[in-house]
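Sequences listed follow chains A and B, in order.
The working numbering applies: residue 55 is where the first sequence begins, and numbers increase by one.
The working numbering applies: residue 55 is where the second sequence begins, and numbers increase by one.
For the record, the hints were derived by calculation from the structure and aren't laboratory data.
Just to be clear, a hint being listed does not mean it is correct.
Pairs count within a copy or across copies, as identical chains cannot be separated in the list.
Calculated cross-link-like contacts (lysine-lysine; reagent style BS3-like; alpha-carbon spacing at most 27 Å) [stated by the list, open to error]: (1) K91 x K112; (2) K91 x K74; (3) K74 x K90; (4) K63 x K74; (5) K74 x K112; (6) K63 x K91; (7) K90 x K63.
There are 2 protein chains.
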Amino acid sequence: MSDLAGWRKRIDEIDQQLVKLLNERSQCAVEIGHLKKMLSQHAWQPQREAEILRNVVKANEGPLDDAAIRRLFERIIDEARSLERHSMEGGGSFRKE
Amino acid sequence: MSDLAGWRKRIDEIDQQLVKLLNERSQCAVEIGHLKKMLSQHAWQPQREAEILRNVVKANEGPLDDAAIRRLFERIIDEARSLERHSMEGGGSFRKE
């Protein structure tokens, strides 16, 4: 591809997939929240978060550097943790703005 | 699935796909940086960034709420912009830590 529009179209396609995957990942966190509530476990499990970061840095082949991947997944984990906590507290469901 | 381990395995699989897609998206940003350099355009184009955020919020069906999707993509755009700038300055290639 040699045109800006073509690359931007590809970014838009990737973003649609990212939205789907980020939500699928978050649904897993919600389910984990329900299970942890039943098992009386805490939402915050630092060893598991460290494991996730190790895994994604190991999988990284660039062009994002490892620090960028770590920053992105720290944010992804942060949003998952909020949802997981919310589901452990028996919070309400998703609302569109 | 009714076990924590199963949901965590699913999260790990999703994370592998996310790392691939985030890097593919970043490669597009690098290519866009090269093109913009040839066309003498600026790296920062706020209308395009606003368009990206509108698209991802529109695609969002939860359980992440729209504010969470916006926060995540602001970070993703931020990392892309850094790489794009770097490629416009003729910066070096990816290095593993």
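Right, here's what the structure says about each hint:
1. In this assembly of identical chains, K91 and K112 lie within 27 Å of each other by CA distance neither inside one copy nor across copies; the values are 31 Å within and 32 Å between.
2. Within a single copy, K91 and K74 get their C-alpha atoms as close as 26 Å, which meets the 27 Å cut-off; across copies the closest is 33 Å, which misses it.
3. Taking the shortest alpha-carbon separations for K74 and K90, only the intra-copy value of 24 Å comes in at or below 27 Å, while the best inter-copy value is 30 Å.
4. In this assembly of identical chains, the alpha carbons of K63 and K74 lie at most 27 Å apart whether taken from the same copy (17 Å) or from different copies (18 Å).
5. In this assembly of identical chains, K74 and K112 lie within 27 Å of each other by CA distance both inside one copy and across copies; the values are 23 Å within and 12 Å between.
6. In this assembly of identical chains, K63 and K91 lie within 27 Å of each other by CA distance solely across copies; the values are 19 Å between and 42 Å within a copy.
7. Proximity of K90 and K63 under a CA criterion of 27 Å is satisfied inter-copy only: 16 Å between copies versus 41 Å inside one chain copy.
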